[in-house]
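Could you put together the complete structure from these sequences and hints?
Okay, here's what each chain looks like letter by letter:
Protein chains: 4
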Amino acid sequence: MSNVTDLTSDRFHDECGLFAIIDNAEAANLAYLGLHGLQHRGQESAGLVTSDGQTLHAYRRLGLVSDVFTPDVLQKLLGPRAIGHVRYSTAGGTHLSNTQPFVVHFRHGSMAVAHNGNLTNALILREEMERLGAIFQSTTDTEVLVHLMARSGGLDSVETISQALYRARGSYSILFLTPKMVVAARDPHGIRPLCLGRIGDAWVISSESVAFDLVGATFEQDIAPGELIAFDSEGKMQRHRPFPQKPNRSCLFEYVYFARPDTQLDGRSVYHARKEMGAILSQEHPVEADIVIPIPDSGTPAALGYAQKTALPFEMGLIRSHYVGRTFIEPKQSIRNFGVMLKLNPSRAVLDGKRVIVVDDSLVRGTTSKKIVENIRRAGAKEVHIRISSPPIRHACRYGIDTPTDEELIAHSKTPEETAAYIGADSLGYLSLKGLERAVRSKGNCTACFSGDYPIDFHDEGRILQLNLEGL
Amino acid sequence: MSNVTDLTSDRFHDECGLFAIIDNAEAANLAYLGLHGLQHRGQESAGLVTSDGQTLHAYRRLGLVSDVFTPDVLQKLLGPRAIGHVRYSTAGGTHLSNTQPFVVHFRHGSMAVAHNGNLTNALILREEMERLGAIFQSTTDTEVLVHLMARSGGLDSVETISQALYRARGSYSILFLTPKMVVAARDPHGIRPLCLGRIGDAWVISSESVAFDLVGATFEQDIAPGELIAFDSEGKMQRHRPFPQKPNRSCLFEYVYFARPDTQLDGRSVYHARKEMGAILSQEHPVEADIVIPIPDSGTPAALGYAQKTALPFEMGLIRSHYVGRTFIEPKQSIRNFGVMLKLNPSRAVLDGKRVIVVDDSLVRGTTSKKIVENIRRAGAKEVHIRISSPPIRHACRYGIDTPTDEELIAHSKTPEETAAYIGADSLGYLSLKGLERAVRSKGNCTACFSGDYPIDFHDEGRILQLNLEGL
Amino acid sequence: MSNVTDLTSDRFHDECGLFAIIDNAEAANLAYLGLHGLQHRGQESAGLVTSDGQTLHAYRRLGLVSDVFTPDVLQKLLGPRAIGHVRYSTAGGTHLSNTQPFVVHFRHGSMAVAHNGNLTNALILREEMERLGAIFQSTTDTEVLVHLMARSGGLDSVETISQALYRARGSYSILFLTPKMVVAARDPHGIRPLCLGRIGDAWVISSESVAFDLVGATFEQDIAPGELIAFDSEGKMQRHRPFPQKPNRSCLFEYVYFARPDTQLDGRSVYHARKEMGAILSQEHPVEADIVIPIPDSGTPAALGYAQKTALPFEMGLIRSHYVGRTFIEPKQSIRNFGVMLKLNPSRAVLDGKRVIVVDDSLVRGTTSKKIVENIRRAGAKEVHIRISSPPIRHACRYGIDTPTDEELIAHSKTPEETAAYIGADSLGYLSLKGLERAVRSKGNCTACFSGDYPIDFHDEGRILQLNLEGL
Amino acid sequence: MSNVTDLTSDRFHDECGLFAIIDNAEAANLAYLGLHGLQHRGQESAGLVTSDGQTLHAYRRLGLVSDVFTPDVLQKLLGPRAIGHVRYSTAGGTHLSNTQPFVVHFRHGSMAVAHNGNLTNALILREEMERLGAIFQSTTDTEVLVHLMARSGGLDSVETISQALYRARGSYSILFLTPKMVVAARDPHGIRPLCLGRIGDAWVISSESVAFDLVGATFEQDIAPGELIAFDSEGKMQRHRPFPQKPNRSCLFEYVYFARPDTQLDGRSVYHARKEMGAILSQEHPVEADIVIPIPDSGTPAALGYAQKTALPFEMGLIRSHYVGRTFIEPKQSIRNFGVMLKLNPSRAVLDGKRVIVVDDSLVRGTTSKKIVENIRRAGAKEVHIRISSPPIRHACRYGIDTPTDEELIAHSKTPEETAAYIGADSLGYLSLKGLERAVRSKGNCTACFSGDYPIDFHDEGRILQLNLEGL
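Protein chains in written order, with my numbering: chain A, 556 to 1027; chain B, 556 to 1027; chain C, 556 to 1027; chain D, 556 to 1027.
Treat each hint with caution, since some may be false.
No distinction is drawn between identical chains; accordingly, a pair holds when it is met within one copy or between any pair of copies.
[As the list claims (entries may be wrong)] Using 25 Å as the maximum straight-line C-alpha spacing, the simulated SDA-like pairs for lysine to any residue come out as follows:
#1 K898 - P780
#2 K989 - E1016
#3 K887 - L629
#4 K631 - E599
#5 K898 - H877
#6 K801 - Y721
#7 K969 - D981
#8 K898 - R932
Quick caveat, the hints were computed from the structure, so don't treat them as lab data.
What follows is the structure in structure tokens.
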């Protein structure tokens, strides 16, 4: 009878969040709280592995951080060190076997690994490893890295990890935990973020600085592209640069959408960057209008920037519901755009008779935007002008962001004018790439999804992971 | 080891939401969707009862609308008529036996009842009914009303219901469903809201107009205080005024906090009313400052109104997390104010070095505000000025809102200056009652929680429901 | 695709089991253990209500005793008195609202009631109560009794309960718990069992003596037909005979099938009674054969009696699986009699080439027996002779046993010869009613299901409970 | 407060059951039914993997067969071939990662493996594999075998599997499934059982013949020790003998306890073997007594054999409850032996005043027997004589049976007389090893647990799996 509709489609998805804490009596508890602050980076699964110096203690499940961990579970995650992971699937399906941190036993003993990013030569390496007799039980890049380590001739953990990462191409921010060591590393281009902080005497590491706020830690610095930091059994930190120097290519899209607004990336406040995107956008694409409204919450800072720059009134014309789960049951005779309305209800009292500028952070497939424009018009808006605080997304990400394929990206084949017509807007304006770079104070970020200029070759091009398995 | 902390304390809670649909082929589905739109009015339990003309079909459970109803359940809720209910406990505990719609069998046949409000003579009536041989299985006011009906000499449903309601004092918006009839009524003072709409040929009834938006229905009018509307087996509507005329006393607090901003109450947009509260507040309590920030989302419209009126920049200085459940596990060595931070993280980039005006809709116990002020200061704010877009709440509600007792209300015993000192703010300003009434275009609303002027006597004063039962 | 088959059909079902304990520090725990020993009398729901002298503490859920109760729940069931109930539906559906003990609040305060039996004038009383203004929330007989009490003019609990029971016809063993009192009663004919025991200083009451074994209690005596026993707030026991004397009519079928073999009923060991049924059966229906096998476990004692009397070898020719749940998923192309085989697999090594006597306790619809005979033949048996250790069941029970209707009972319309042909047996022999009475040392038991001689009129004849409600 | 007691202690546990079906349209459904028939061999987890010729479809979970599989799951297990597994932990903990069939991807593609048995050189091989760069994610022997395959130079599946198994020592009955092949093999000593059957045109393979009865298959023959049977993509069967010939050493304990009585092992009915064990036991250890009772159900056939041989009456003196889960909540003041009584209640009517012979299949730690003897005496027995239908178990199994360590085995350190004193019996008699071998018509079975004569060296002696991981 009724259908169940997924409310999460047509959006980018954050892929992973990492958190580590080294030598604090409440490691599991604090890592759990830190993962809460990174929940926006992955809602599919969560995991923690702790070390008590002798033994690793692991727990991973599908679900949100608050659902996965209970007081009972946290109590059993013993020891003063922990690494944690939240995940949304990029490579690899949603199977339990793909949850992280990934744990293996090999000649170096037991090791847990948590990875954020996407290797561009994972399949090549996988095939090589399989030729050498490796068996795989997941579809994750992480398992490939672990096989590289298992075959490494390295004399210690740092050497072993360095040798394995040396062979990897693509993006990775990554954490390793053995009974005696913690190692964190960021790929030479620094595509995915990773930063270092302190809470009392303990070091903490996080994908985003916002998690430090939550656990009462202070931000120390971003881990540099190509840097590998190791903490030995006594907690002494050693910093390494095992890889050839590469230009910084940290992801621009983290500023646009992924990172929380209360995070700092490479020293730049995401909130202020987004406001400035809106301000620049207002100059690049001015239009006569009565009000500026955001698509909450992701479009709110840019809309504020737009409104402040133009002195147009900023209003909440779409009311976001706080009780929407991932799905709802649809009526047989579908109510037009019900799902989008349930999430973002247009307020007639605000919109009726108005010329409305709607600010969103990005436009992917355009299907949701089309519905929102339609809903806003039905609520009485006279004109609907869409302003996007990022350039057209024309190319799929290959470094760990779950974008649709090129063909599914509306900007891949449609001009802004065609797109405006498709979504039913009176006008559509995108922020220019230059404008975006100005707003983030860019120092050479990766712009691949906008420009097609991929800083790292996609070595796996044309290869497909041939699995012959459907796990349920 | 760890404690579990409830993140929902120190807030008002809406108590109930009602939705009905009369004579639509997809009654259960649409009522389910309507309840989604009223979820903010009660997150503890949800229920639907449908009628196929012969038989009632009922389903009630603890949980959110999206958790309670599955496609299987909706498919079994047969028939073209439905009444639905979401509930947060005001009177009566959280037991399953208190979920609604309440269903009984008596000499008039089977009947389902869904009630929003609080009777002020429920215990008197209960005692009277018990003296006459009634047995009770719940602690709800609704069961009292049903006993009144069971003893009524009325010749038909309308008469029976009228006679029962005639004896009730207090507040009620209420829906009745029998195999043949639907009846909706609102108490003579009209304290709790209830409105009428249409979707195609079908009538719909809702606590708030926002639910009409969601199901594609059009708002027709508010059901008048003291009005009783009956729909017979053919769907014909008859409107009755069975009670003595009373002055309108619809709840002012719905405007301040309970209702969604995209709802209209008595013809007034809640969003605009809240913005105007903020604007008037800015005139009543001006202060030198750099930015205006809301406590999101409840304080957002008033903060916008405040900022627009004063031309101060409106900023999102507290970032609300969308992944916070009702509880989290606390670390042993408590991180100061972690729970509040997890929900509302202060953004240093916005707040550092600033004189900040923080706008919220209301101040109840003050404990959360105290934590928020502290967090904002730790994020670098130079000054913190709290502005509340409602008058001091000095008195507990007796008509269906779950306020703390008088003693727990900070404004009951503390002046604004004392309160400012307690919560650590540089200044604190409340909107005046006059200002609030101006903002909502008041026509005589109930102001009891602010003024202590209770429009209906609390006849149960001094009586306690002596239950001798703890159900688990 | 696949179908789910219910493995529990075509059997009698016990309906309810009762357990009470008065004044023991571990009342809830011991009552919980006692209910374990009565689980065979009802697997659908379980409940416990305790009294701490001031307040009742209640917990009832659908499920087995071991699933319903957790240490957390038991810990909250405070106080030294408890009554418990397990239930399989006889009257009333499987809804949560029908679980027991039933708890109400009325002018006498709070009361919990647990009932085993079936009233034969429940609908008449229900209609009468409804005419007087009663509302009903369940379909149980118990709620009718409570309404009678609510209207009673009795001055104390004993008087109130006596007056209510005085109006009831049919069968009941029943327990009442108020904050201050425990009352147990058995209907004047004593149809359903109830017995009294002691554990240390505490009194215990149970449907069957086997529960006393489990909690370490000693059996004192059966509660007499028509007896009402009250325990006051100090634990003093008073025995009453408030009803007119009636002849004993305790249920004969308890001996045949319902009661556990390790129980004593009216002083007679059920195990020995069943063995003697088998022995007498072997004389009434002798046949040349090689082995005697039971339908385990219900037919085992009678088969032993049959084999011992005839000196034929007793063998386990059907192996009962201990891992069969209530349902399994059937293949598309149904395997003949899979469900029955999964439960009772015929052992070829035992049966091949043999003339087999199969002893079961009763024959209801004959559909399962037909499958078993077929399975036994496929396992190689040369002859299959069915022997039933009870007379033909020709009439539905009206006093609380969940038999099929007369029409569904195979013996209602078919002679033993016709039945043998239907189930494919070489011969079929039933125990005579005289033989059964001899085996149980009968003192005038109810034989209605065999003889059609109903000791109590069915006053509700022709009445149907018109509910107009489908609860989910 | 209350403790939760495990009712499953002090018993042997079957470890694994295997089932396969090759080329039947309902493969998943039939394998599911087959696993039902092998549930007694492992109640901890269940899994099925099917092949549709291109892709494997896998589902594995902790739980009973009836709980793990739903119609939805079975429907998604596509294809005409399936292998299934039920498991109780022997080697490896109860973690999800140890459930089987085990599935891997390697250079030979995807493969599923299901294993019953225990390798005696698993740790040696594991260390070797780790030295060569293997990573492990479970603690199962199966993963070791897969690594051997991954490194094999074999040209096809049969060769690859043979080469891997060639290196393995210990016991294994094992199934392999690839998209194109099914392979079954039994170790050269044939320690664990495995047999072949047919259902229509399809081949079926099972640990025990009883599963064939259930799915309507016919038993063809036992798979011979050292035999490897391969089914190619067209379903053609090829039988191989890739290993050096070894003497048959099939497990004697399967006859004593593990196998179902309705199974045939090496052509011998387990039921008849057990009856004969009882008969021989009665001659080896005669005693004056009134009745013979079994510990049901495992002791029932031997007790029947004992009673028939001695012409003593066989009685059900202990009533087994069918509603006992794995745990129950204990009262604070423990009722003596409650757990054992709940499971096996002694019937006073049978036992009172009697000299009782109690027959059980085996005696492990003696703790349960001690409680049973005590309970039987409290029920009035004058004398209690324990007769065990197997020799004293003095040595732990190394080939896949989950026995306690030598030290925990009561017979390892106590004589029968000392044991009788410990458990409180008037006498204790064990069946002799000769008697047991006579009863099973032994052709050289493994007797290690009785005699200490281990047919295969325990190569891993002294090695410990050093894991440094606690998975939750």
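K989 and E1016: within-copy, between-copy, both or neither at 25 Å Cα: neither (29 Å within a copy, 69 Å between copies)
Within, between, both or neither: K898, R932 at alpha-carbon 25 Å: Within one copy only: 17 Å inside, 33 Å across.
Alpha-carbon proximity between K898 and H877, which holds within one copy, between copies, both or neither at 25 Å: both (8 Å within a copy, 12 Å between copies)
Status of E599 relative to K631 across identical chains (alpha carbons, at most 25 Å): For K631 and E599, the Cα distance is within 25 Å both inside one copy (23 Å) and across copies (22 Å).
Alpha-carbon proximity context of K969 and D981, limit 25 Å: within (16 Å within a copy, 54 Å between copies)
Alpha-carbon proximity context of K898 and P780, limit 25 Å: Neither. Shortest intra-copy (38 Å) and inter-copy (32 Å) distances fail the 25 Å Cα cut-off.
Status of Y721 relative to K801 across identical chains (alpha carbons, at most 25 Å): The answer is within: 13 Å in one copy meets 25 Å, while 50 Å across copies does not.
Alpha-carbon proximity context of K887 and L629, limit 25 Å: between (44 Å within a copy, 12 Å between copies)
Hint check: violations occur at hints 1, 2; the rest are consistent with the structure.
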